Amino acid sequence: MAEILNNSGLFFALLGAAVATFMAGIGSAIGVGKAGVAAAGVLSEQPDLFGKVLIFQLLPATQGIYGLLVGFLILSNVGLLGGGVENISLLKGSLYFAASLPIAFAGYFSAVHQSKCSVAGIGTVVKKPDQMGKALILPAMVETYAILALLISILAVNGISGVQV
Amino acid sequence: MQQDFTYAVARIRFRETKLLSDTDLNALLMSSDVDAVMRLLRDKGWGDNTDCHPEELLALEENKLWEFINETVDDISVLNFLLIPNDYHNLKVILKCITRDREPDSMLIEDSVEDAQAIYKAIKSREYGDLPEYLQEVAQDAMTTLLQTSDGQLCDIIVDKACMEHVYRLGKESKNDIIRLYCELFVVAADIKIAIRCANTKKKLDFIRRALAECDTLDVERLAQAACEGKDEVIAYLGTTEYRSAVDAIETSMSAFEKWCDDYMTNAMKPQKWEPFGIGPVVAYIIARQNEIKAVRMILSAKLNDLSENTIKERLRDMYV
Numbered sequence: 001m002a003e004i005l006n007n008s009g010l011f012f013a014l015l016g017a018a019v020a021t022f023m024a025g026i027g028s029a030i031g032v033g034k035a036g037v038a039a040a041g042v043l044s045e046q047p048d049l050f051g052k053v054l055i056f057q058l059l060p061a062t063q064g065i066y067g068l069l070v071g072f073l074i075l076s077n078v079g080l081l082g083g084g085v086e087n088i089s090l091l092k093g094s095l096y097f098a099a100s101l102p103i104a105f106a107g108y109f110s111a112v113h114q115s116k117c118s119v120a121g122i123g124t125v126v127k128k129p130d131q132m133g134k135a136l137i138l139p140a141m142v143e144t145y146a147i148l149a150l151l152i153s154i155l156a157v158n159g160i161s162g163v164q165v
Numbered sequence: 001m002q003q004d005f006t007y008a009v010a011r012i013r014f015r016e017t018k019l020l021s022d023t024d025l026n027a028l029l030m031s032s033d034v035d036a037v038m039r040l041l042r043d044k045g046w047g048d049n050t051d052c053h054p055e056e057l058l059a060l061e062e063n064k065l066w067e068f069i070n071e072t073v074d075d076i077s078v079l080n081f082l083l084i085p086n087d088y089h090n091l092k093v094i095l096k097c098i099t100r101d102r103e104p105d106s107m108l109i110e111d112s113v114e115d116a117q118a119i120y121k122a123i124k125s126r127e128y129g130d131l132p133e134y135l136q137e138v139a140q141d142a143m144t145t146l147l148q149t150s151d152g153q154l155c156d157i158i159v160d161k162a163c164m165e166h167v168y169r170l171g172k173e174s175k176n177d178i179i180r181l182y183c184e185l186f187v188v189a190a191d192i193k194i195a196i197r198c199a200n201t202k203k204k205l206d207f208i209r210r211a212l213a214e215c216d217t218l219d220v221e222r223l224a225q226a227a228c229e230g231k232d233e234v235i236a237y238l239g240t241t242e243y244r245s246a247v248d249a250i251e252t253s254m255s256a257f258e259k260w261c262d263d264y265m266t267n268a269m270k271p272q273k274w275e276p277f278g279i280g281p282v283v284a285y286i287i288a289r290q291n292e293i294k295a296v297r298m299i300l301s302a303k304l305n306d307l308s309e310n311t312i313k314e315r316l317r318d319m320y321v
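Line by line, the protein sequences are chains A and B. The working numbering numbers the first residue of the first sequence as 1 and each following residue consecutively. The working numbering numbers the first residue of the second sequence as 1 and each following residue consecutively.
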């Protein structure tokens, strides 16, 4: 029984890495897809706006990268990357899982909502190409919350590695 | 699953920049003759780079609009509320042509929900069952009336009322605020026009009741009674409704009221210019484009008939952009 509990710690740590990666990744995929549809619409009318609309399409892509980063950190801390997997207690594994949640959820929702802002920004740039800077700042504001979540997830994962439980 | 209009709206955002502004219309109005107007329009991208008659140019632009909508909207049936009046128009034309033994081709509108030729064949052979369900009863009723009374106006009233009720029903069935608003305003404008015409021609209450269709923002029974009593009563009643801004236009002339209707609709649609999602910007663009074509038609007619610029200027609608 004690052995099972020890191994389930590793399972929860791995679940944390998976949740961080796929939740934020799904959010980014939806976001980039939605902004991409709008960008494709614009390009069918005005192909020379490619450079500008591409930036808007890429904005919601960052959350997926943040999720991947947190996933890497968890895998690295539990020894799944460099070999020599540690015995991780159920509590420690659960802590890793909890640490992944900020970027998992904030990443997902911020990517979806950032894409809406990006689509609106694309609409602005089509009508007023000279307002590119202002139109870009608005969806970029949504990024703040993904960065805050990333920060907490990274701090938590790093903190947990030093905890003896 | 709800339809996504992101692609369509993105394309529309670009096309909105190509819509004619008030300045463009003024330039067209100031042009010396029809050729100058046509030249300016071609510079703005109208037509297909070939010389054509003004009427052909307008028809081409209307076709281009619906081709564009077909290309960008996955399921165009969501826009039936805009096209269905054309089916009823085609029905009126077909009924009258059949009873007068004429060919309806040149008077039919192509951009409709049902194929006009199929409607023609079904009515010609009296196979009402071949018609779409919503046209079966009204076609039979209007045809019987036309054959028994030879009264074209009565036939029009039957078909127009069915059309208004259909549009009202589509609005009620829709969950979209813009579609509901459009359908309501469509019926309101038609009801007010009918009430004024009935008041001017001193129609009886039964006739007026038969012509008016139910809507949410007007008390149709009060409007019918007001129309029976005269135009002043209609104006007095409208003064108590949310359409009191129409009073001045009605007092001026019928064409001023028609301009008020189009301007009211355009202003109601203007917030869609900033809406990045949903069907609203698509509906607003279609209405804006149709208004634009209507404005150009007026200018071309004025140039062809040597009408003064001021006469036409006061009839030009507010532009969407």
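These aren't lab readings, by the way, just hints derived from the structure by calculation. For clarity, every value in this text was computed on a predicted model and none was experimentally measured. Every residue gets a Cβ at the ideal spot worked out from N, C-alpha and C, and that includes glycine. The reader is advised that the hints may include incorrect statements.
[What the hints assert, rightly or not] The following label-pair restraints were derived from C-beta to C-beta distances:
1. B:206 - A:138: 58 to 64 angstroms
2. A:47 - B:27: 26 to 32 angstroms
3. A:151 - B:268: 19 to 25 angstroms
4. B:23 - A:138: 25 to 31 angstroms
Hint check results:
1. B:206 - A:138: 58 to 64 angstroms: Since residue 206 of chain B and residue 138 of chain A have Cβ atoms about 59 angstroms apart, the given range 58 to 64 angstroms holds.
2. A:47 - B:27: 26 to 32 angstroms: holds, 29 angstroms
3. A:151 - B:268: 19 to 25 angstroms: Violated - the Cβ-Cβ distance for residue 151 of chain A and residue 268 of chain B, about 46 angstroms, lies outside 19 to 25 angstroms.
4. B:23 - A:138: 25 to 31 angstroms: holds, 30 angstroms
Hint violations for this structure: number 3 only, all remaining hints satisfied.
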